[in-house]
Structures are given as structure tokens and as C-alpha cells.
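What the first sequence shows, in the working numbering, is residues 19 to 592, in sequence order.
Calculated from the structure, these hints are not laboratory results.
Mimicking PhoX-like on lysine-lysine, the simulated pairs with C-alpha atoms at most 20 Å apart in a straight line are:
1. K385 x K572
2. K29 x K120
3. K155 x K120
4. K84 x K44
5. K113 x K29
6. K44 x K75
7. K44 x K29
8. K168 x K113
9. K121 x K145
10. K394 x K428
11. K123 x K145
12. K538 x K589
13. K101 x K121
14. K101 x K29
15. K84 x K22
16. K123 x K29
17. K101 x K123
18. K84 x K21
19. K572 x K533
20. K123 x K44
21. K249 x K213
22. K145 x K120
23. K538 x K477
24. K113 x K155
25. K101 x K84
26. K67 x K21
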Amino acid sequence: MDKKQIAAVLKEMAVMMEIRGDNPFKVRAHQNAARIIEGLSVDLPALVKSGQLLEIKGIGKGMAEKISALLDQGELAEHQALKEAIPGGVLEMIKIPGLGPKKIKLLWQDMQITSIEDLEHACRAGKLAQMKGFGAKTEANILHNLQLLKQFRGRYLISEALEIAEALVQQLGEHPRVIRCRFAGSLRRGMETVKDIDLLASTPEGDRAAVMDYFAGLPGAAEVINKGEKKSTVRFANGLAAELRLVGDDQFAPALHHLTGAKEHNVAIRQRAIQRGMKVSEWGIYKGEERLPCPDEQTLFAHLGLSFIPPELRENRGQIEAAEAGQLPQLIELSDIRGMIHTHSVWSDGVNTIREMAEACRARGWKYLVVSDHSKAAAYANGLDEQRVGQQLEEIDQINRELAGFRVLKSIECDILGDGRLDFDDETLAGFELVIASIHSRFNMDEVQATERIITALKNPYVTILGHPTGRLLLSREGYPVNHEAVIDAAAELGVSIEINANPRRLDLDWRYVKYAADKNVAISICPDAHRISGLDDIRYGILMARKGWLTAKQVLNCYSAEELIRFAEKRRR
DNA sequence: GCCGTTTTCGGCCCGACTGTTTTCAGTCG
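Start from the sequences, fold in the hints, and give me the full structure.
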């Protein structure tokens, strides 16, 4: 097992122990160990071999033994025993907001509810409301969240899908009979969640069967859903399905364009072709009977009098008109990014030290790191009070004296309190070079209240960036309702930046509002919200959302130097 | 289950909210 898998087992054990009613501190020890293992920047087998695992704070003798067993044998007797004791459906209920381990235990042991389906039936029959500790409102709330869960079922985060899709493209590309291979569909357009993976490969006609056999037999393919000569679908262990289509190499580009969509984009492209006496389909582009050469997508667009439209823009948002006028933006790329904003460290709920995070940034070619740990109201996340802030700022000064050619900037992710005030007074805020203001509590406001709360916070001149504007968690939690236009208009007027939180579970600001914000001259910050070194690489998902929002590097705050960033923050404070 | 020690046992993060209660348990971040 690798680090990720071991961490997943430990997390699952923690949930199962909670449901069973074990010592909550034992539960937390497992959660902590999972976080530590996940965040390790060194090789785990080497650590175990040298006995250094025990030197890590939070890993004791018992945990080290469990980790070794998982590493060597890939399983753990205690984990198996827990799995036998608790039905899978019971475990799944933890995903429903409002249902925690205690209530789940009651449902399971007093009502014999062992699946999501059982639970829905019981809710509809009004049986939950009659139970001790439950009531009509709880029942309605569970039913509502069940509907959301069902709606999300069968959808996957872009990060989950990309990881699999990229591996598949590489493996298929290694097959000697595959000429070209790409993934297409909503994944290629950079949608924040996807239903499945669409793969396209070109092969000589006689070699299709061999390639399909290879595809169906790839490691990780848990189930072959269907298998034909031109099209096969395979399901992976996490439930995600990948469909592979095979075409001749001369059809690769039109097929790639067709499969990338979106539907509205394809309709508009076909209409445009017809207006020009041509015909576009997944098989090619034709003028009358003549099949026009189309070696790549660039050529396809050129035949239609258009410049290349990047996949992320192929929705239904004016991209064709812009391409015709030669006014498509030069979209931001990862290489435009100069520094990381919004990161956490061991000072609050992060896994790595400031120095480790800084060195990881430097190794990735970035020039600065903005450390923004939680403020004191976020007690659950070990938020900093004024005294610890002072100590942290001293540590940053020390690191800055030692790191050549790199800069750590002083920041805080300051909680926006219920009434829109900030968690620190102005004097404390003035000690930071920039301030990110975010909501982490009281999510149940209505739209008017929540919007007012945010705008009140933005009026504080020390606020540089608004963090995750809706607090949504993709596929699990709706954010608090926000009047996006009103918040963006206020940010524009006040000179506050809005973040695109690049954590693949958030991707908040939603890309659908990014263009509106940029058009109002709101500077956008693309922020990994990294709680560990590996979280820094989430920046790529933020870049995808920025591209979907038509952003250029000039519109993104962390494409500027540290000095320019500080100047941006200072402008408001004067 | 981990940690630290006045060292083998006691403490471990906490404030707010919700819905259920009639003083509090469960959940969340």
C-alpha cells in the first residue's frame, strides 16, 4: 500500500470506531496519524525501516505497528474486524450532513437501518421523527441532504478524474499501435466535476482489437462494461467509468473536437459550417463531397475562419464570436504564476512547517509564499491568537533572513465573524502584509444576511482578498447563499481581490462568475489553500477555472511579484 | 492511541448552532 491508501484505511477506521462509540481520543489519534502519513514528504518505507517513524509526534508504538502492517501486508486485522462489525451502508451514512456517528449508531442498532435506501424509506414513512433524539426537522433535513447525495452520486471531482485520465492516456500512448491519444469531454473542458472519462485514440484500422484488449486489461480496470472494436467502456475501482473510442488518425482531430463539446458549442460550430457551405461532424470537415484535410483542431477552426478556441472556452459563452474577431484572450498558464497565496502551516491546521512549504515553493520555481494560517475564531483549526501571531511573524522574519532569492509574506486567513466584523482588531491586522478574509462559521444565513456580512467585512481596509466566497464543498455541501454580483461589485469598488480557491473540493469562486468579476476589474487570486506541500499543486485546478473564466495573467494577482502584491494591499490601507 | 511527566496515569481544542429538549446531546468547522 502507498501513503494515500494507508491514510485512507486509518481514516475509515476512525469513522468506524466513532460509530462503534470508541474512545474519542483514540479516534482522533487515528485521524491525526492519517493526516501525518498523507503529508509525509519523505519515503514511507525508508522511514519505517530506519525506525524514524516513531520519532514523529503523533505516531506512537501502536500506530507505527499498524502502519508497518499495512505497508507490508496491505491489510490490517483490526481494520478487517471493524469492517465485519459495521455494514458498508452504515458507514456510507456519514456522508450525509447532519448525521454523525451517534445518530447513525441509533439508526443502525435501534431501527436496523443499514443502507442509504433504508434510511430514505424510514424518512418518507415518518419513522425517524418518532425516535428519541430525532424530530420532524431532523427528518426533513436528512431527506433533503439525501436528495443532494443522490444527485451527486455518479459524479466525480476533476482531481479524481484527471489523475486516472492522465494515467490512461500515458498507458495507451505506450501501446505500439496507438498513434495519438487524448482525453476529451467535460474533463478536457476543465469542468469542476465530471460524470465519466472520454478517451480518444487513433490506430491503424487492423489494430483496433489489440488496443481494445490492452485497454480492457489495464491495471486498475475493475469491470469491463462493454467492449467493441471502436468503443469500449471500463469501470475503475472508485466507480469512475472511462470510455475509449478508436478512430483512424485522419479522423482524430474532428473526433477530438466533437467529443470535447460542449453540446451547444458543437451545434454552433455545425451551424457556422453550414452557413459557409461546409459540414462538420465527428468524422471530418467537408466542402460538398470533398473531405478537407484536418490534421489538428487548429486546422478545423481555420477552415471555419476562426482562431483556435481553447477547450476550456468551448461552452456557450461567446467564444465563437470572439474567435472570429480574433479577440480570444491569451489565457493564463501555470508558468505565469509567480507565487503562492493562501497556505497553511503547522502553526494552525497545516501539516508542514513554513520553511518546508517555502522550500517546496522554491523548488517549484515560485518566488514567494504567502502564509495565511487561521485566526483565533477557528479554534477547531488551532487558529492563532494575537500572541502566537507575534511569534509566527518572528519566525517568518528569521526564515526570510535565511532563504536567498525567496520571500515568505506575512498573512492571515482571518475569520469573518457573524456580523461581518473581523476576528482581529486593526492594529493586529496591520502587522500582516496582506489579509485574506473568509467565512468558516454560521453558514445558515439567508442570502441577504450573508451578502451583507461579506460586504461589511470587505469594507475593512486591511482586507486584501476575499477567501472562498460561498464556502461550498463540491459534491457534498452547498455553500451559503450569496448574491455574487453584489459581492463582486463591492469588491470592485473597494479594490479587494477575490480568490479562486484551487482546492478541488472548493473551486470557489465558481468559474461562471470569474469573467463577470474580471470585467469589473476585480483582481483575481488563484489560491491553493494548501494545508500540506502536496496541496500546493492544487493550483493547477485553480488555473483551469481561471481559464474557464477567460482570465489572462494580467488579471491574476499572483502573476505579479511579491512587491507588487504588497503594493496592491497597501493601496487600500492608505 | 499519544504524550509528557511533579514519569506508567490523566489529559487530550472549543465555541456556536440546531433541534430536541426542559437542560442538553450531537454536529460542525
